[in-house]
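Engineer: Build the full structure now, drawing on both the sequences and the hints.
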Amino acid sequence: DTAVSQTPKYLVTQMGNDKSIKCEQNLGHDTMYWYKQDSKKFLKIMFSYNNKELIINETVPNRFSPKSPDKAHLNLHINSLELGDSAVYFCASSSRLASYNEQFFGPGTRLTVL
Amino acid sequence: AQKVTQAQTEISVVEKEDVTLDCVYETRDTTYYLFWYKQPPSGELVFLIRRNSFDEQNEISGRYSWNFQKSTSSFNFTITASQVVDSAVYFCALRDSNYQLIWGAGTKLIIKP
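Those sequence lines, one after another, are chains A and B. Position one of the first sequence corresponds to residue 1 (the working numbering), numbered consecutively onward. Position one of the second sequence corresponds to residue 1 (the working numbering), numbered consecutively onward.
No lab work stands behind these hints: they were computed from the structure. Accuracy of the hints is not assured; some may be wrong.
What the hints assert, rightly or not - Quick list of in silico lysine to any residue cross-link-like pairs, SDA-like style, CA-CA up to 25 Å:
| hint | chain 1 | residue 1 | chain 2 | residue 2 |
| --- | --- | --- | --- | --- |
| 1 | A | Lys41 | B | Ile110 |
| 2 | A | Lys44 | B | Lys112 |
| 3 | A | Lys41 | B | Val24 |
| 4 | A | Lys41 | B | Thr30 |
| 5 | A | Lys44 | B | Ile102 |
| 6 | B | Lys38 | A | Leu27 |
| 7 | A | Lys36 | B | Val13 |
| 8 | A | Lys41 | B | Thr5 |
Structural biologist: Here it is as structure tokens:
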């Protein structure tokens, strides 16, 4: 059983398209995150949700919209994709927001915008 | 400002050598946690260790050991008798009082057979 899963693993699309990445965790965690990892491997937090509520919204274009239908899911929708959106996107979860427990990561989604 | 610095961009050693990955952090918080994650070539991020700011004991797990020194704001990671399977990018991260993870830029470790 995968603890944090993401679909799809690879996503190749044209500029201007809209796409979604899905994330699910079966750990019973309250908090979920989206990270972007660029080509130089630099990891940047994009969003954090706690119990379906947005907690952290870093400086991310509003073309990116997270949606949390329930505690176990945090999906990422991206409108009007641009070349610079090409990256690996990681979903993660941790037990509680006010916790110093480690974050568990999904396998990543490699997004390529042509 | 909170910051994590991994000054070594890439390290290359021959198998069986020992190697130390450096991590220096900056924070004004008195309570914080430090983490190490491994990202092998397959791409997933794997948790290795968590250390809180009140526990300066060194940690050893098999061939891995961690040296936490508050006096120098460092949390270094040593692999003893390295193996090819240790080849990966290793990230150090700081979790601050706002519960955000602040990541270092990563160190790419190459173990040559």
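Engineer: Could you run down the list of hints and mark each one as holding or not?
Structural biologist: Here is what the structure says about each hint:
no. : hint                 : in the structure
1   : Lys41/A <-> Ile110/B : 15 Å, holds
2   : Lys44/A <-> Lys112/B : 30 Å, violated
3   : Lys41/A <-> Val24/B  : 18 Å, holds
4   : Lys41/A <-> Thr30/B  : 29 Å, violated
5   : Lys44/A <-> Ile102/B : 8 Å, holds
6   : Lys38/B <-> Leu27/A  : 21 Å, holds
7   : Lys36/A <-> Val13/B  : 29 Å, violated
8   : Lys41/A <-> Thr5/B   : 14 Å, holds
The structure fails hints 2, 4, 7 (numbered hints given earlier, in ascending order).
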